[in-house]
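**Student:** Model the placement of chain E on the given structure of chain W, informed by the hints.
So the chains spell out like this:
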Amino acid sequence: MKFSEIDVAVIGSGPAGMAAAIKAKEEGAEHVLIFERQEQLGGLLHQCIHNGFGLFYFGQDLTGPEYGRRFVKRIKDLGIEVLLETMVTQISPEKELMAINKHEGPICLKPKSIVLAMGCRERTRGQLSIPGTRPAGIFTAGTAQRFVNVEGFIPGKRVVILGSGDIGLIMARRLTLEGAEVKAVVEILPYVGGLIRNEVQCLHDFHIPLLLEHTVTQIHGEKRIEAVTIAKVDKDKKPIYSTEQIIECDTLLLSVGLIPENELSKMAGVELDPLTGGPVVDEHRETSVAGIFAGGNVVHVHDLVDHVSWEAEVAGTWAARYAKKYMFEKKPKLVLRPGRNIRSVVPQLIRGQEDTSLYIRVKELEEGVWLKVDEIYSQRLRVVKPSEMIKVTLSKNQIEPMIGKTEELTISCERVGKHE
Amino acid sequence: MNEEKITCVGCPMGCETTLYVDARGKVIKIEGYKCKDGPRWVMEEYQNPVRIFTGTILTQKSSTPLLPVRSNRPILKTKMKEAARTLIKIKRFIRVFNG
Numbered sequence: 001m002k003f004s005e006i007d008v009a010v011i012g013s014g015p016a017g018m019a020a021a022i023k024a025k026e027e028g029a030e031h032v033l034i035f036e037r038q039e040q041l042g043g044l045l046h047q048c049i050h051n052g053f054g055l056f057y058f059g060q061d062l063t064g065p066e067y068g069r070r071f072v073k074r075i076k077d078l079g080i081e082v083l084l085e086t087m088v089t090q091i092s093p094e095k096e097l098m099a100i101n102k103h104e105g106p107i108c109l110k111p112k113s114i115v116l117a118m119g120c121r122e123r124t125r126g127q128l129s130i131p132g133t134r135p136a137g138i139f140t141a142g143t144a145q146r147f148v149n150v151e152g153f154i155p156g157k158r159v160v161i162l163g164s165g166d167i168g169l170i171m172a173r174r175l176t177l178e179g180a181e182v183k184a185v186v187e188i189l190p191y192v193g194g195l196i197r198n199e200v201q202c203l204h205d206f207h208i209p210l211l212l213e214h215t216v217t218q219i220h221g222e223k224r225i226e227a228v229t230i231a232k233v234d235k236d237k238k239p240i241y242s243t244e245q246i247i248e249c250d251t252l253l254l255s256v257g258l259i260p261e262n263e264l265s266k267m268a269g270v271e272l273d274p275l276t277g278g279p280v281v282d283e284h285r286e287t288s289v290a291g292i293f294a295g296g297n298v299v300h301v302h303d304l305v306d307h308v309s310w311e312a313e314v315a316g317t318w319a320a321r322y323a324k325k326y327m328f329e330k331k332p333k334l335v336l337r338p339g340r341n342i343r344s345v346v347p348q349l350i351r352g353q354e355d356t357s358l359y360i361r362v363k364e365l366e367e368g369v370w371l372k373v374d375e376i377y378s379q380r381l382r383v384v385k386p387s388e389m390i391k392v393t394l395s396k397n398q399i400e401p402m403i404g405k406t407e408e409l410t411i412s413c414e415r416v417g418k419h420e
Numbered sequence: 001m002n003e004e005k006i007t008c009v010g011c012p013m014g015c016e017t018t019l020y021v022d023a024r025g026k027v028i029k030i031e032g033y034k035c036k037d038g039p040r041w042v043m044e045e046y047q048n049p050v051r052i053f054t055g056t057i058l059t060q061k062s063s064t065p066l067l068p069v070r071s072n073r074p075i076l077k078t079k080m081k082e083a084a085r086t087l088i089k090i091k092r093f094i095r096v097f098n099g
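Chains as they are written, first to last, in the numbering used here: chain W, 1 to 420; chain E, 1 to 99.
Next up, chain W with everything else stripped away, as it sits in the complex (with noise of 0.2 Å):
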């Protein structure tokens, strides 16, 4: 392999890198090399043991690794070149990009266009800030998903879990099969973090205590964990401590969160959005430096990898347009911009030279409302949830009138009137 010849070199190989890179390929980009630090194309699907996996996007119930594989059989099939243990350590606005393995050593190479798809990492203790000791026995929730899927450890017999995302969820189920106790899944906000089919497959079959409105107030124990106190929490989510009670465990779980892993992103100067955590993109995945696109976790945290591939596939569709210089007339863009009741929306530009879907994610949970896009889409939703992204497709006809007549576009949660 000649690294001087590559046409799109792909950041990671989870769900998002395998799509994006076997789009390019099939949309003509000759070389196209994916870079992978573990020793396995995959990602994290492998660990994901759980079935659910592919329901939209192959109308089928598949497993992480089933999903997973099937995208690895079409990079082989493809003949897509892929160096595995391999860590890109720089990419540099110019788009020069440096990783390094045991074998070739420091790798140097100027690809045509690059994919970001890095995925995202879990918020930790450390960014929670739970007063108490330091003990063992305090594992992100895919840290343990890990430990019990791949490497065959549990990592402990009583377990309490903070935070109801999906991957705690998960676990939960998962843990209680393998013959541990679930003691309780403490959260926060009023509602369940995750997807709702997973509280009642993960918790209420196995009857696991959901402690909405609670949260951790104090680690207990010296070298291992030995407790938690938690408290009921008022609505400025700070703790009553006249509710406090401790619960007596040895493995603290935290599903509390996912961001976008984006050192590479910065370096490369890529404007990042605060709102999502990861890249500003248009409709295409381009990110503000042009010729880097970007797909899946790493732009904003999806819900479904159904919906992390499909995004990763047109990052990688663009990629390989780009990287063949492909011309195009480039209209001046719209900004998406969140409105009422609105966290984030990706894009955050569009052009609206095609059809367009936009992924919104609400801020709070909010029944009888109008999902606006400024005049030009109204859609009424029994109810909305931070937990579930919306997405609306727009068309390029509803798109281009707005082109040149204004700059943005407000997304709104309109409340439902009463006469409605």
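Honestly, the hints are just simulated from the structure, not real lab data. It is possible that part of the hints are untrue.
Unchecked claim - Pair by pair, the computed Cβ-Cβ distance ranges are: (1) W:Ser242 with E:Thr86: 45 to 51 Å; (2) E:Lys36 with W:Ile259: 36 to 42 Å; (3) E:Ala83 with W:His204: 16 to 22 Å; (4) W:Gln60 with E:Lys5: 25 to 31 Å; (5) E:Glu31 with W:Glu375: 48 to 54 Å; (6) E:Ser62 with W:Pro386: 54 to 60 Å; (7) W:Phe56 with E:Pro65: 56 to 62 Å.
C-beta atoms are modelled at their ideal positions from N, C-alpha and C, and glycine is treated no differently.
**Tutor:** What follows is chain E alone, placed relative to chain W:
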């Protein structure tokens, strides 16, 4: 007539549905689903809830000690723990192809 609230677990949409059940236990009407498979999923969840079971078995191979496995069809949700206990007993040498 009784009302029964059931969350459909057929897909990640997780529709909140209501079943109207008459005195003899017959489901008269289902509301709240959003797809054509909805009624089938909800009825199954009401009468006979089943789940795909997933777990791991030991491979006795140090580099990949575990092999993820799944049930080839859904099993009763009340049998999940029993299925997990059965898997632990499988400890023979497993050769993995196409892994």
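**Student:** Next, verify each hint and record whether it holds.
**Tutor:** Tested hints:
no., hint, in the structure
1, W:Ser242 with E:Thr86: 45 to 51 Å, "holds (46 Å)"
2, E:Lys36 with W:Ile259: 36 to 42 Å, "holds (38 Å)"
3, E:Ala83 with W:His204: 16 to 22 Å, "holds (18 Å)"
4, W:Gln60 with E:Lys5: 25 to 31 Å, "holds (29 Å)"
5, E:Glu31 with W:Glu375: 48 to 54 Å, "violated (33 Å)"
6, E:Ser62 with W:Pro386: 54 to 60 Å, "violated (43 Å)"
7, W:Phe56 with E:Pro65: 56 to 62 Å, "violated (32 Å)"
In this structure, the hints that do not hold are numbers 5, 6, 7, in rising order.
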